[in-house]
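Novice: Chains as they are written, first to last, in our numbering: chain C, 1 to 351; chain H, 1 to 351; chain L, 1 to 351; chain W, 1 to 351.
Heads up, some of the hints might be wrong.
Where chains are identical, the list cannot tell them apart; a pair therefore holds if satisfied intra-copy or between any two copies.
Claimed, not checked - Heads up, simulated DSS-like pairs for lysine-lysine below, C-alpha to C-alpha not over 30 Å straight-line:
hint: 1; residue 1: 143; residue 2: 347
hint: 2; residue 1: 99; residue 2: 347
hint: 3; residue 1: 143; residue 2: 153
hint: 4; residue 1: 153; residue 2: 99
hint: 5; residue 1: 143; residue 2: 299
hint: 6; residue 1: 191; residue 2: 347
Hint data in this document are derived by calculation from the structure and do not stem from the laboratory.
4 protein chains.
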Amino acid sequence: MSGNVFGVLFRVTTWGESHGPAVGAVVEGCPPAIPLSEQDIQGELRRRRPGGLPSASPRKEEDRVEILSGIFEGRTTGTPISLLIRNKDADSGAYEALKMVFRPGHGDYSYTQKYGFRDHRGGGRASARETAARVAAGAIAKKVIGQVGMSVKAYTLELGGIRAENLEMDQVEKNPYYCPDSQAALLMEKKLSEAGQAGDSLGGIVEILVCGCPAGLGEPVFDKIDADLAKALMSIGSVKGVEIGAGFGAARMTGSVCNDPLTPSGFPTNNAGGILAGITNGADLILRVACKPIPSIRKEQQTINLEGEAVRLSIQGRHDVSVIPRIIPVCEAMVSLVLADHFLRQKAVQL
Amino acid sequence: MSGNVFGVLFRVTTWGESHGPAVGAVVEGCPPAIPLSEQDIQGELRRRRPGGLPSASPRKEEDRVEILSGIFEGRTTGTPISLLIRNKDADSGAYEALKMVFRPGHGDYSYTQKYGFRDHRGGGRASARETAARVAAGAIAKKVIGQVGMSVKAYTLELGGIRAENLEMDQVEKNPYYCPDSQAALLMEKKLSEAGQAGDSLGGIVEILVCGCPAGLGEPVFDKIDADLAKALMSIGSVKGVEIGAGFGAARMTGSVCNDPLTPSGFPTNNAGGILAGITNGADLILRVACKPIPSIRKEQQTINLEGEAVRLSIQGRHDVSVIPRIIPVCEAMVSLVLADHFLRQKAVQL
Amino acid sequence: MSGNVFGVLFRVTTWGESHGPAVGAVVEGCPPAIPLSEQDIQGELRRRRPGGLPSASPRKEEDRVEILSGIFEGRTTGTPISLLIRNKDADSGAYEALKMVFRPGHGDYSYTQKYGFRDHRGGGRASARETAARVAAGAIAKKVIGQVGMSVKAYTLELGGIRAENLEMDQVEKNPYYCPDSQAALLMEKKLSEAGQAGDSLGGIVEILVCGCPAGLGEPVFDKIDADLAKALMSIGSVKGVEIGAGFGAARMTGSVCNDPLTPSGFPTNNAGGILAGITNGADLILRVACKPIPSIRKEQQTINLEGEAVRLSIQGRHDVSVIPRIIPVCEAMVSLVLADHFLRQKAVQL
Amino acid sequence: MSGNVFGVLFRVTTWGESHGPAVGAVVEGCPPAIPLSEQDIQGELRRRRPGGLPSASPRKEEDRVEILSGIFEGRTTGTPISLLIRNKDADSGAYEALKMVFRPGHGDYSYTQKYGFRDHRGGGRASARETAARVAAGAIAKKVIGQVGMSVKAYTLELGGIRAENLEMDQVEKNPYYCPDSQAALLMEKKLSEAGQAGDSLGGIVEILVCGCPAGLGEPVFDKIDADLAKALMSIGSVKGVEIGAGFGAARMTGSVCNDPLTPSGFPTNNAGGILAGITNGADLILRVACKPIPSIRKEQQTINLEGEAVRLSIQGRHDVSVIPRIIPVCEAMVSLVLADHFLRQKAVQL
């Protein structure tokens with residue numbers, strides 16, 4: 001009811017505020033006998049951490065995960081897996097200056113409208129800190145779907161208007177922007193640096209590629225797999241659009257162009273992005289999400305204070321210039337959660 | 001579990017196959033004392049029906065809805081509302097010719113992979129016929145949110161590459177394409193006619209505008225209102241992309257441009273599309289969906305038969321050339337269902 | 001949320017009021033390929049109907065069920081099964097006399113307190129008429145579990161203080177009280193007749209026996225199968241107690257007596273009633289429910305009217321003298337729903 | 001799906017195994033602004049601990065709870081409350097001797113049947129240790145319902161055949177058996193001591209009294225409050241029966257005796273146990289649960305080993321002689337969870 005739960009059979013509940021003692025997740029429905037260690041999860045959490053890059057905030061966070069249940073002798077048991085990540089570097093003071101003003105582009109105003117007062121608690125759950133719990137739970141989902149040959153890879157397709165044109169997947173982990181085009185990555189770095197110096201921020205597009213996805217995942221009518229993927233990705237802060245396969249491009253195609261032919265050796269094209277009528281067709285899944293620029297900028301902005309009076313605001317402190325690349329593992333986590341859930345649901349349908 | 005239910009507090013379960021005796025819906029959680037008659041629902045169903053337009057199929061369907069429960073003396077009682085729409089014109093014979101072949105762009109292949117055999121039943125639920133139940137249930141949701149001043153209006157922003165440039169809302173119901181630009185509507189008609197004669201089909205973009213939406217709707221973390229809207233719209237057949245406010249355009253903006261300033265008199269811009277951090281901010285909601293072209297075309301296509309052998313296919317019969325405009329009331333229904341549900345959820349949060 | 005749904009994987013939603021046009025149910029999650037006809041359901045509905053017996057009301061109801069979806073060529077398809085039963089004999093007039101008074105032992109007072117006014121609608125859903133939908137849905141569950149060898153049989157263990165001592169299962173369907181002791185059945189008939197003449201009513205105990213139940217059904221912690229069975233049975237109007245196996249008798253046993261020994265050939269005793277730690281153990285399930293006497297009696301009672309003033313009330317009209325035997329098929333339906341659901345859940349656990 | 005979640009609006013998810021690092025719970029839907037400290041929860045956990053009494057096991061457990069989220073400045077915030085209780089005294093060795101044999105009356109056999117192998121993990125979740133998480137979550141529910149004047153009190157009505165006849169509520173916390181009859185408590189102590197010396201165990205009956213419960217709680221049809229209470233209580237290990245108000249006694253009453261009259265000053269009797277048609281009527285709620293004797297006994301028993309061969313078993317180690325009194329706070333917790341949930345649901349109905 002209150003929006004802290006995701007999934008049906010493979011289900012995650014997250015909890016925790018950015019400035020409380022910890023964040024965490026409970027993962028239910030994970031099949032038994034899957035090898036799982038804290039290191040598996042730690043690896044994904046590390047990818048989410050800022051790394052001293054132009055695009056990253058200097059907040060240091062060890063993000064050490066502790067598995068509290070559901071594992072016996074290095075394998076899952078089928079019972080709920082409880083994950084705990086202590087908060088270490090929570091400096092509430094930095095937010096004092098913003099207490100009396102609504103930051104443009106942030107949830108300050110909408111949360112205040114929702115809860116009837118300036119909502120420190122909501123801010124707590126709305127914080128990007130919450131995504132640590134998603135990434136930790138997503139790491140388990142990744143292990144599950146990895147067991148049956150699925151891989152999920154997100155990467156930067158566009159950042160600040162710079163487009164990756166030459167997609168080489170082996171480049172993705174070799175630059176700090178998870179960009180498959182190493183040349184574009186250099187341009188992105190420059191663009192981020194310039195925007196940061198100008199006290200501004202940048203948006204971009206992340207593409208997610210799922211390989212090895214079996215055909216048949218997704219449920220008719222409301223729980224089509226593209227519907228659940230769209231929800232999963234749109235639930236990440238900053239995401240303003242989701243498309244699958246040809247996406248918005250399909251709106252300008254004719255049927256004879258858009259339809260992917262079937263041949264004895266498979267689909268030669270993939271405008272469908274691997275999904276037909278809400279069910280996977282065995283081709284790779286291709287999704288893209290549009291990320292808006294980070295709303296916290298040093299550049300002066302027009303806003304109002306709690307009394308509704310016009311004020312000018314320049315947000316100080318060290319903020320990321322773009323949600324890219326830190327949103328990359330979060331996108332992978334959310335897609336992995338959907339796939340693990342629908343994989344189990346499809347198993348159940350086959351009864 | 002099986003994907004036939006949508007919503008949490010305002011919840012709809014749909015049932016029925018295109019070639020069975022009926023389709024219908026059960027609506028749970030509708031607040032009591034709301035005036036509701038079969039005519040309210042019939043009006044929405046009429047908008048979904050084909051109307052002899054170039055874009056429409058000639059299949060005649062009366063689509064008379066019967067309310068079987070939940071109403072007393074013209075008002076809702078708070079108990080489940082059961083809706084029944086008999087199927088009248090179901091000619092299964094037309095599909096016989098397609099029995100042994102997978103239609104490109106359709107769910108034929110993915111459903112077969114899912115259920116292990118050529119799935120007439122899945123086809124039944126995957127049929128656009130199912131959307132009659134959505135529209136009927138959505139009509140009730142529309143009444144509910146209408147009681148508190150919300151209105152939902154979908155219209156054609158683009159069809160076959162023709163863009164509505166001059167948006168005049170009073171034009172929307174005056175042309176068969178629900179296009180707010182009457183000049184563009186004429187061009188769309190021409191384009192549809194040409195594509196139909198060529199045995200091809202067209203895609204387009206539908207925009208949905210929600211006026212009067214109160215601030216504060218949506219739940220933190222996974223059930224953000226944009227996440228639920230994305231799921232709702234992506235669950236409609238043919239939809240390949242969803243965006244909110246500036247959408248994919250936001251990916252190329254800087255923060256100083258994208259952030260909507262707050263002023264004592266409101267938001268002068270609406271790049272956020274009325275949603276910040278997953279919670280409505282009181283501005284209009286603006287969403288867009290990308291619709292792919294209808295996959296059933298007369299033009300010859302390459303495909304395979306059930307034995308996996310290459311065959312050529314030309315789909316005969318009278319099919320719509322575009323899901324626009326018939327998808328328009330379906331978009332409105334799905335958005336209304338999300339708003340009614342989150343309106344009730346917000347009420348519950350305020351306990 | 002609103003209490004109209006039961007089950008997780010095999011799930012039923014009921015709808016309809018006693019004095020509206022119809023009652024019905026939507027059954028989701030029924031596995032495909034199970035033979036199912038309206039006759040299967042009709043047979044169960046017939047058992048629920050009054051039959052001119054001393055214990056039954058003369059209200060005539062054809063209770064013809066119509067299957068509106070989910071069946072193709074006589075078999076289930078896996079899609080939602082919609083069931084419709086029209087109301088035919090709804091004489092609201094009979095209730096006019098009771099409009100201004102709270103009937104003792106009825107939901108009149110509690111519903112008024114819940115909804116803030118004298119609740120005709122709540123009365124509608126609280127009516128025993130709603131159990132027709134349960135029985136119809138339960139008939140489908142019975143078919144499902146019958147496929148894997150389970151049978152569910154309810155019978156009268158006690159009525160008006162008369163206890164069936166000599167349990168012969170082949171007698172159950174041979175007398176109108178579903179009593180396995182034919183001698184006791186005669187005494188029950190006499191007792192019912194006397195109570196009816198005295199303007200009073202009787203309670204009793206129904207026992208439910210499940211044969212062929214595989215070991216392993218039930219989920220740890222909250223969804224133990226005995227927990228779900230208790231909820232299922234306690235949700236039937238008139239039921240004030242549920243016990244399993246030795247039940248309340250176990251409270252007076254020592255461990256050495258209560259523990260059922262395990263032997264190479266099975267369990268020689270069954271104090272557990274077939275359930276250990278919330279999981280079935282392969283023995284027969286044995287449950288008992290305590291039914292209170294029907295509260296509508298001709299005998300004068302003390303009550304209050306809507307203004308809270310003391311009044312005397314004698315309820316006229318022809319009412320059943322006991323919920324037994326009409327509650328028998330309802331008990332079987334509810335137990336069958338739980339078993340079908342947990343059977344599917346166990347299948348899903350085995351992934 | 002997997003049975004680790006209880007409740008709809010006030011919802012608890014428990015996790016953790018008896019021999020893992022910790023157990024815990026996540027409580028969702030707790031209303032904001034309720035004062036809550038770790039001490040509130042600690043007090044309830046202390047009541048669940050063994051206390052050196054004849055009936056208690058000597059296993060020492062500090063059971064210190066840590067609140068990890070959802071609290072700000074001593075009050076709830078409305079976000080999920082995460083509770084952590086580390087396991088300290090987990091001696092797996094004691095169970096080695098039982099590895100190859102099925103203990104009568106335990107879940108050993110049914111869990112093995114369910115999961116296909118001797119289930120240490122299931123044992124982990126099936127352990128009474130899990131009830132620490134229930135009691136911790138229940139303490140929060142108790143605070144919530146305490147805010148609106150409800151109190152939940154469980155006490156021993158019967159133990160080893162000794163019945164409390166003279167119920168004085170102020171005696172309940174004055175003896176280690178939570179028995180409202182101080183004379184009976186002495187007899188119970190003697191009986192426990194004798195049974196313990198004989199290597200046997202005892203069952204009993206716990207009564208739960210809810211005072212201050214407002215009228216109107218419960219939902220029609222399946223989620224009647226008695227149905228949910230029955231499920232809640234039957235989900236506790238050892239419980240074999242649940243009854244409400246007159247319970248099984250009602251089966252032998254006539255309607256004229258069983259019906260509680262309504263008078264201008266309330267209900268002079270309470271055979272209904274405070275619930276009519278599944279909705280509370282404003283009277284006290286009265287429930288009783290039958291607890292079977294603890295199955296782990298020193299007395300030799302007949303059973304089989306993993307190979308299915310007949311063996312004799314005498315269970316060594318120090319086990320409780322009865323689940324009473326340690327089950328008392330667990331009963332209170334489960335009833336409190338149901339009341340908190342239905343209190344919020346009733347609030348939501350009133351929209």
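Novice: None of the hints should be skipped; say for each whether it holds.
Specialist: Going down the list of hints, with the structure as the test:
no., hint, verdict
1, 143 x 347, "both (17 Å within a copy, 22 Å between copies)"
2, 99 x 347, "between (50 Å within a copy, 26 Å between copies)"
3, 143 x 153, "within (13 Å within a copy, 43 Å between copies)"
4, 153 x 99, "neither (38 Å within a copy, 37 Å between copies)"
5, 143 x 299, "neither (42 Å within a copy, 44 Å between copies)"
6, 191 x 347, "neither (46 Å within a copy, 45 Å between copies)"
Consistency with the previously given hints fails for numbers 4, 5, 6, ordered from lowest to highest.
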